[in-house]
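Novice: Protein chains in written order, with our numbering: chain Y, 1 to 125; chain L, 1 to 125; chain E, 1 to 125; chain H, 1 to 125.
Calculated from the structure, these hints are not laboratory results. You may find that some hints are simply not true.
As the list claims (entries may be wrong) - So, partial list: chain Y residues that the calculated Cβ filter (under 8 Å) puts toward chain L:
| hint | residue |
| --- | --- |
| 1 | 4 |
| 2 | 6 |
| 3 | 9 |
| 4 | 22 |
| 5 | 27 |
| 6 | 116 |
What the hints assert, rightly or not - Derived list of chain E stretches under chain H, where covered just means 3 residues or more per stretch with a C-beta under 8 Å from a C-beta of chain H:
| hint | region |
| --- | --- |
| 7 | 66 to 75 |
| 8 | 106 to 112 |
In this text, a Cβ means the ideal position worked out from N, Cα and C, and glycines have one as well.
Protein chains: 4
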Amino acid sequence: MDFDLARPIYQQIIDDFKKQMIRGELRKGERIPSQREYAEKARINPNTVQRAYREMENMRMVETLRGQGTYVNISEEDLQMLRKEMARALLRNFVLEMRALGFDDEETFIMLQAEQTGGEGDNKK
Amino acid sequence: MDFDLARPIYQQIIDDFKKQMIRGELRKGERIPSQREYAEKARINPNTVQRAYREMENMRMVETLRGQGTYVNISEEDLQMLRKEMARALLRNFVLEMRALGFDDEETFIMLQAEQTGGEGDNKK
Amino acid sequence: MDFDLARPIYQQIIDDFKKQMIRGELRKGERIPSQREYAEKARINPNTVQRAYREMENMRMVETLRGQGTYVNISEEDLQMLRKEMARALLRNFVLEMRALGFDDEETFIMLQAEQTGGEGDNKK
Amino acid sequence: MDFDLARPIYQQIIDDFKKQMIRGELRKGERIPSQREYAEKARINPNTVQRAYREMENMRMVETLRGQGTYVNISEEDLQMLRKEMARALLRNFVLEMRALGFDDEETFIMLQAEQTGGEGDNKK
DNA sequence: GTGGTCTAGACCACC
DNA sequence: GTGGTCTAGACCACC
Numbered sequence: 001m002d003f004d005l006a007r008p009i010y011q012q013i014i015d016d017f018k019k020q021m022i023r024g025e026l027r028k029g030e031r032i033p034s035q036r037e038y039a040e041k042a043r044i045n046p047n048t049v050q051r052a053y054r055e056m057e058n059m060r061m062v063e064t065l066r067g068q069g070t071y072v073n074i075s076e077e078d079l080q081m082l083r084k085e086m087a088r089a090l091l092r093n094f095v096l097e098m099r100a101l102g103f104d105d106e107e108t109f110i111m112l113q114a115e116q117t118g119g120e121g122d123n124k125k
Numbered sequence: 001m002d003f004d005l006a007r008p009i010y011q012q013i014i015d016d017f018k019k020q021m022i023r024g025e026l027r028k029g030e031r032i033p034s035q036r037e038y039a040e041k042a043r044i045n046p047n048t049v050q051r052a053y054r055e056m057e058n059m060r061m062v063e064t065l066r067g068q069g070t071y072v073n074i075s076e077e078d079l080q081m082l083r084k085e086m087a088r089a090l091l092r093n094f095v096l097e098m099r100a101l102g103f104d105d106e107e108t109f110i111m112l113q114a115e116q117t118g119g120e121g122d123n124k125k
Numbered sequence: 001m002d003f004d005l006a007r008p009i010y011q012q013i014i015d016d017f018k019k020q021m022i023r024g025e026l027r028k029g030e031r032i033p034s035q036r037e038y039a040e041k042a043r044i045n046p047n048t049v050q051r052a053y054r055e056m057e058n059m060r061m062v063e064t065l066r067g068q069g070t071y072v073n074i075s076e077e078d079l080q081m082l083r084k085e086m087a088r089a090l091l092r093n094f095v096l097e098m099r100a101l102g103f104d105d106e107e108t109f110i111m112l113q114a115e116q117t118g119g120e121g122d123n124k125k
Numbered sequence: 001m002d003f004d005l006a007r008p009i010y011q012q013i014i015d016d017f018k019k020q021m022i023r024g025e026l027r028k029g030e031r032i033p034s035q036r037e038y039a040e041k042a043r044i045n046p047n048t049v050q051r052a053y054r055e056m057e058n059m060r061m062v063e064t065l066r067g068q069g070t071y072v073n074i075s076e077e078d079l080q081m082l083r084k085e086m087a088r089a090l091l092r093n094f095v096l097e098m099r100a101l102g103f104d105d106e107e108t109f110i111m112l113q114a115e116q117t118g119g120e121g122d123n124k125k
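Assemble the whole structure, with the sequences as input and the hints as a guide.
Specialist: Spelled out as structure tokens, the structure:
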């Protein structure tokens, strides 16, 4: 048996930005906090923030302008792809976990319905 | 922003046993590995294993016979409750995460269907 | 023949807190010493204190606020139950020990009266 | 706060013999096990047994005949004194503990009656 | 062999 | 400062 480790912080930072972008809380062209600012608020090492920002730069999620700051730089198209990817991962994991508990897809399906309506009311667009 | 920590090892051990019991791989009366055995195989400290075993003892999931070993001790009833609880947690988390990505329940519903049939074939009982 | 072992320290710690609560010396909402503080005063290992505190947490005798401390959290009702339980255990043990010495209940009864009045004066409410 | 240690084994041995004598299970003139025998059965160090036997010898509870064994040697009178002493200690401790739980003597008295009749039937001579 | 208790101490998040 | 997790290892009773 192997144990799950904590997801690396720099990846958690990236995930957090991804979610904000997907939710529309962070739009193309907007400035994200400076690395120093972020590190202080989150009380983590600036190097960790730098790594997250660098990877987002590589993925073209953001653009860094030397001496000016870092700006969101993601196309609507890429955003949609990202959104679908993240949903797909959630779905896949969910289905597998339910099966591991011995629920067949039919049951999972019914339970999802119950959870959605029971949870906290409707959530229609 | 707060970061996710690793789930404590002793809890991961408990979760693992829970899953094994739910799947019927570990039945009432069966002996689980000794604390030392487990610690050596998993290469973790015996104290960590002991904490997991002690908590399972407190939850009445297992029964410990000094000098003899630790035995599964969970009623069919409790097992069913456990199974439902774990499923409920999965469902709840899944629904919330999908909403956080901006999918409404209808969409989530449809995507689940797609995932189930597309994933790896049917999974009917 | 088996010999009596020392009652584990962590249980003695719990018993001590129970008694303080029952006597009203420690009331709901009050803070108990930090784990380190207790360990230093009693000159025992912090882990031993932590085990006692954790078990009290599990029993809902106290509530732990991370980074803040540990607070008494027991209902008046539970306190009364605890008090009766502890008295019952004392009584049961006392009766059995007296019988083991060959005193019948009548004799025990009379001796108790003598002890109470003779011991250190009255103790009426 | 100080913690209770285990009562020394040699004292536990002595207590055990005292109780046996008081109950009449061990009478004057009877032979008790050899030190070696006792140590093996109880799986304790022979030195510990020797200390217990030596102290009983000093108290004139037993008499040791070199090369022959150890024999109970206690007068009926001393036995009665011993019995009363042990009862007195039990009583004293019981009364104090009940008071510490906040029960007044009247209450203790009534609870004792309930315990005696409720416990396991009558125990009249 | 088995589990139970305890010490010593590291490292961490949260306040 | 607070509590939480984990390692390393001693020593013990019980089988």
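Novice: With reference to the structure, classify each hint as holding or not holding.
Specialist: Hints versus structure:
Interface restraint check for residue 4 (chain Y): the shortest CB-CB distance to chain L comes to about 6 Å, inside 8 Å, so the restraint holds. Interface restraint check: residue 6 (chain Y) against chain L, minimum CB-CB distance 4 Å, threshold 8 Å, status holds. The closest approach between the C-beta of residue 9 (chain Y) and any C-beta of chain L is roughly 5 Å, which is under the 8 Å cut-off, so the hint is satisfied. This hint holds: residue 22 (chain Y) has a C-beta 6 Å from the nearest C-beta of chain L, less than the 8 Å allowed.
Because the beta carbon of residue 27 (chain Y) sits about 14 Å from the nearest beta carbon in chain L, more than 8 Å, this interface hint is broken. Below 8 Å, beta-carbon pairs count as interface contacts, and residue 116 (chain Y) has one with chain L at about 4 Å; its hint therefore holds. Judged by the Cβ-Cβ criterion of 8 Å, the region 66 to 75 of chain E is not covered by chain H as claimed, because only 0 of its residues qualify and three are needed. Note: the region 106 to 112 of chain E has 5 residues with beta-carbon separation from chain H under 8 Å; the three-residue rule is met and the coverage holds.
Violated hints for the displayed structure, listed by number in ascending order: 5 and 7.
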